[in-house]
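Here the protein sequences line up with chains W and Y, keeping their order. Note that the first sequence covers residues 1 to 381 in the working numbering. Note that the second sequence covers residues 1 to 218 in the working numbering.
FYI, nobody ran anything at the bench for these hints, they're computed from the structure. Ideal placement from N, C-alpha and C gives every residue a C-beta, glycine not left out. Among the hints, erroneous ones may be present.
[Unchecked claim] One-sided excerpt, in silico: chain W residues whose CB lies under 10 angstroms from chain Y:
| # | residue |
| --- | --- |
| 1 | Thr128 |
| 2 | Lys130 |
| 3 | Asn228 |
| 4 | Arg231 |
| 5 | Ile324 |
| 6 | Arg346 |
| 7 | Lys352 |
| 8 | Leu365 |
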Amino acid sequence: MIKIIQWLAICLVLCLSVGTAFSQGLAPPSNVTAVDTPNDDGSSITITWDAAVEGGGISGYQILRRIADGELEAVGDLLPVGTTTYVDSGIEQGTAYAYIVRALSETEATVDSEQTAPVEGKDEWFHTGKIPLFITMLLFSAAIVWNIYSARSGKELFVRRIPGLEAVDEAIGRATEMGRSILYSTGLGGVSGVATIASMTILGQVARRTADYETVLRVPCRDPIVLNVVREMVKTAYLEEGRPDAYNEDDIFFITESQFAYAAGVEGMMLREKPAAIFLQGTFYAESLILAETGNSVGAIQIAGTDSEHQLPFFIAACDYTLIGEELYAASAYLSREPMLLGSLRGQDWGKILIFTAIVLGVVLELSGVSWITMLLQRVS
Amino acid sequence: MDWNLIGIWVAAFLTLSIYSVLYRDNPFYRFAEHLFVGVSVGYGIVLSIYQGFIPFAWNPFFAAVTGESAIGFIKLIPICIGLLFFARLSPRHTWLIRYPIAILIGFGAGVAIPNVLRANIFEQTRGTIAPFAEIAAGTLSGWGIFEAVLMVVGVICTLTYFFFSVEHRGPVKWLSKVGIAFLMIGFGSAFGNTVMGRVALLIQRVDFLLNDWLNIIS
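Working from the sequences, and respecting the hints, build out all of it.
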């Protein structure tokens with residue numbers, strides 16, 4: 001008897017709410033679709049529906065979902081009236097979900113859409129939205145490869161003067177004359193960082209010269225993997241210069257991964273060993289000024305280089321020479337004059353010409369009311 | 001025993017020891033430096049074990065061995081590649097270390113390059129051009145127009161400075177000179193901004209010494 005009364009009460013409430021909804025002219029959300037979100041790892045489903053008619057009395061939406069014959073459950077918060085899309089990112093992969101979009105009025109009347117067909121989240125192998133980016137990358141790569149082959153075929157490639165790099169020989173020569181060591185820091189970046197890779201390539205060139213001059217080259221490392229790569233590179237440089245006996249593995253060592261502990265360690269080294277030349281090349285953060293200022297105080301000739309734009313001002317202020325941003329990447333080509341690196345550098349310049357042209361052309365076109373370059377860039381990115 | 005008070009005294013001693021380097025290298029600085037390096041290495045090793053080795057290598061592999069989840073055996077591939085780093089300990093097998101290094105650098109470049117292209121090139125180029133659509137539509141104020149033009153001039157001149165395969169003569173030289181002026185103005189403002197941040201850190205430290213340690217200011 002009690003159950004019958006409960007059922008009657010529920011039916012009454014439902015009838016009243018539906019009745020209120022219809023009496024207020026509340027239309028259910030139409031054209032509700034649920035599809036697997038494209039280009040993701042299968043962790044979301046996108047639900048779309050048509051926008052509510054203006055003045056239709058709808059004040060918001062609530063998304064409901066159910067698994068097979070399970071109970072309806074509310075997903076996320078109440079959505080504002082203008083919403084027509086919702087991404088349910090709280091799904092389990094391999095489970096099918098059916099969705100209902102519930103429209104709510106200000107008087108808390110509700111009306112539900114029809115239930116969508118069950119849909120599962122599936123992961124995609126390829127992100128088709130990134131195809132334009134991929135094509136652009138191929139074009140950039142093609143420009144670089146073309147220039148590398150061009151350089152290898154014996155064509156003379158010009159590289160402009162970079163003052164900071166011309167001082168490398170001066171710094172090594174000074175250390176040799178003074179009988180003091182050279183300190184080379186590859187910064188705080190990991191082995192896959194572009195600046196660290198550039199730094200290690202410069203280190204290879206510096207090591208060739210220190211091998212010739214028999215100058216002590218000390219490299220404190222922050223990353224254990226960088227340590228291994230640096231040891232390999234320096235060892236190879238000494239071998240190629242025919243001085244494997246001059247290579248001392250203990251001069252390339254790990255300090256710590258902690259940023260300021262590393263800075264304290266390198267600072268202590270500078271103060272005690274008083275190196276004649278200091279190279280700070282790679283990624284640096286807040287410790288940059290600590291290192292550069294200490295190097296300056298011990299009277300070392302300092303050549304810094306980084307692509308961390310917030311640290312460049314400190315290097316410019318405290319070091320003798322500074323490689324700004326891309327000069328760091330160009331340094332390896334400049335020092336080694338290897339056709340492959342020179343070709344790569346020229347290929348990058350082609351890329352810059354393309355950007356230069358895009359900006360000038362884009363500005364002219366935008367002023368003429370044509371915005372296809374902006375749209376193309378938006379699509380690519 | 002008030003451990004908090006002891007902690008404050010130790011922290012104050014170490015702070016002063018580190019600052020003593022401003023005078024010259026001395027035993028106090030050396031002690032603090034070595035302690036700092038040693039503690040950070042120890043802490044880093046423990047962190048690597050608990051946040052790296054156990055959740056990403058040991059647990060999945062153990063689950064695979066006990067039959068909980070066979071997919072854990074796939075982890076053997078990266079584990080074996082990682083173990084190649086230890087090849088450096090054997091002079092005859094040192095060359096094997098090149099494989100994990102090549103994988104790491106290749107993976108890093110593969111992940112970084114598309115993101116750099118997107119965020120540092122395409123987005124920046126679009127951002128430089130976009131205000132001109134507003135100029136054409138007549139919705140940008142006079143100051144906004146000045147900013148948009150200044151930005152384009154700055155970007156073009158700075159970009160010219162970074163052309164390496166072109167000799168900087170004639171118009172290229174002048175454009176790159178303007179570019180370097182833009183760079184220096186940018187660096188100057190970044191310098192001032194960061195120095196203010198560092199002064200705030202110094203104030204924090206002095207506050208600790210005067211307030212928490214000496215308790216001479218309220």
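Report the numbers of all earlier hints that the structure fails to satisfy, in ascending order. Number 1 only.
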